[in-house]
Amino acid sequence: MYGKIMDPEKIISSSDLLVKIETVCKRRFSAENDQNECYVYVIDSLKADNFKRLRAFKGKSKLNTYLYSLINALVIDFRRKQFGRRRIPAGVAKLGKWAETVYRFVCWQKFSFDDAYDFLRIDDLYSGSYIQFIKEIDPIKKAPCRENPAFQSIDETPESTLKNINAEGSNPLEFLIQKLDREMRIKAIKVIRETTVELSEDDQLLIRLVYGSDQSVAAAARVIGLPASTAGKHLKSLLAKYREKLLAVGIREP
Amino acid sequence: MGKWMNRTINPSVGLESEDHIPVEDLARLAEGGVDTAERQHLIGHLNRCQRCYQILQETLKDLSAETSMLPVAVPWWRTRMFYALAASILLVLLIAGPLAIKQWTQSPRVILASLDLDQGLKDILLEDDALKWEKKERVSRLLTALQQRGLAVKDLNLVLLSKPYYQKKSLFGPKEVLHIRIDKNVAYLEVEEKD
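If you're matching them up, the sequences are chains A and V in order.
Each residue of the first sequence is one higher than the last, beginning at 0 in numbering that gives the first Met the number 0.
Each residue of the second sequence is one higher than the last, beginning at 0 in numbering that gives the first Met the number 0.
No lab work stands behind these hints, which were simulated from the structure alone.
Each hint should be verified, as a subset may be incorrect.
[Unchecked claim] What follows is a list of derived Cβ distance ranges for each label pair: (1) A:A239 / V:P97: 17 to 25 Å; (2) V:S87 / A:E243: 43 to 51 Å; (3) A:K178 / V:R47: 54 to 62 Å; (4) V:R137 / A:E182: 25 to 33 Å; (5) A:S12 / V:D34: 54 to 62 Å; (6) V:S87 / A:M5: 42 to 50 Å; (7) A:C144 / V:R47: 25 to 33 Å.
Computed from a prediction, not measured in an experiment: that's the story for all the values here.
Beta carbons: idealized from backbone N, C-alpha and C, even for Gly.
Please build the complete structure, drawing on both the sequences and the hints.
What follows is the structure, encoded as structure tokens:
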């Protein structure tokens with residue numbers, strides 16, 4: 000137990016909570032209007048049913064951490080409520096699942112058509128050549144897309160966070176994928192995905208947090224219950240495993 | 000974060016469960032406050048549920064951002080520990096001082112060594128790209144690191160790096176070796192890539 004439960008009315012009127020909500024909403028939404036709507040939605044949800052969500056706090060975690068988790072959960076709800084009703088244009092839907100996926104990637108999530116092609120190939124949703132793909136996406140390009148260019152992603156991971164790692168970053172798997180040509184990249188991603196699901200549950204989460212979500216080793220180690228130094232060493236051995244599997248299918252750094 | 004790894008290994012939306020982890024349990028997990036059995040159960044869910052995974056990783060991000068904004072305060076017990084440590088060191092010096100002086104005078108003046116460039120040494124080299132290390136703390140960290148790796152170096156006043164060192168991110172990258180020459184408390188460093 001970390002302490003007594005606070006009065007919900009005091010919590011909701013505290014500047015600390017309001018700053019937390021503002022910070023999270025700003026991080027998750029690029030458009031100012033969406034940020035404001037997110038802010039109002041979270042406040043209203045916290046007040047709903049006589050502060051039911053705040054009253055649910057039992058004091059098993061720190062209040063600060065609980066509030067962050069709660070705000071993030073509500074922001075996800077808001078995102079789904081806000082964007083979940085969108086429909087794929089009929090002209091795109093009739094082309095098939097692959098076309099719907101391309102539309103989602105490019106229109107809603109603001110990836111490039113090139114990225115969309117790679118994702119389709121990775122998920123075995125499209126087997127044609129790139130040239131064929133470029134021809135076949137013509138109707139998708141003509142479809143209405145009110146979100147583009149002022150697009151807001153419905154994906155759980157906001158587009159703004161899906162940038163390529165910078166030069167100072169240290170994600171050897173991402174770095175490798177970036178350097179490979181298209182065919183090798185698709186092959187490498189499949190190997191990495193297969194290798195990941197073969198790992199133990201703890202290792203999967205460790206890899207996801209550190210190399211999939213850019214969390215610090217210390218934070219990921221805390222979640223899986225390891226000292227940071229042990230987790231760091233373990234990550235190195237896991238990277239060696241990925242390296243072996245990649246080498247086994249002929250993937251090397253170009 | 001990297002777009003490729005993010006899309007490649009994050010939990011699938013398709014397998015998402017409706018039976019989500021309670022928010023307070025996610026908060027406890029973010030703090031590292033769950034026992035082993037419960038953790039296994041939660042981690043199993045997190046690897047399959049995008050919503051819960053997203054809440055957890057966003058919470059970790061928030062906590063990390065908040066921590067990085069806090070001023071570094073020295074807790075009182077650290078100060079006391081510092082004094083206790085200083086007293087212990089003084090005692091050791093009084094007892095072992097003469098022996099240490101003897102050892103000092105007998106140690107070679109020039110030390111030459113080559114070490115595998117591990118993450119600990121890399122972290123020190125990557126702190127900034129200065130070739131002449133002016134910061135005492137950084138010099139001191141290098142001294143400690145070298146001592147921990149078995150070098151009989153007693154003190155360092157200055158460190159000179161032959162060329163700026165940059166992180167090699169390659170998964171298949173060449174092995175790197177740090178060549179060290181220490182003369183009159185001045186360390187000369189050079190990183191060499193090995194095939």
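Checked hints:
For A239 of chain A paired with P97 of chain V, a C-beta distance near 48 Å fails the hint of 17 to 25 Å. Between S87 of chain V and E243 of chain A the Cβ separation comes to about 47 Å, which falls inside the hinted range of 43 to 51 Å. Take K178 of chain A and R47 of chain V: their Cβ atoms lie about 31 Å apart, and the range 54 to 62 Å is violated. Our hint of 25 to 33 Å for R137 of chain V and E182 of chain A is violated, since their Cβ atoms are close to 45 Å apart.
Range check, S12 of chain A to D34 of chain V: about 36 Å between beta-carbon atoms, so the 54 to 62 Å window is missed. The hinted range of 42 to 50 Å is satisfied by S87 of chain V and M5 of chain A, whose Cβ atoms lie roughly 43 Å apart. Evaluation of the 25 to 33 Å hint for C144 of chain A and R47 of chain V yields a pass: the beta carbon distance comes to about 31 Å.
Comparing the model with each earlier hint shows violations of hints 1, 3, 4, 5; every other hint is respected.
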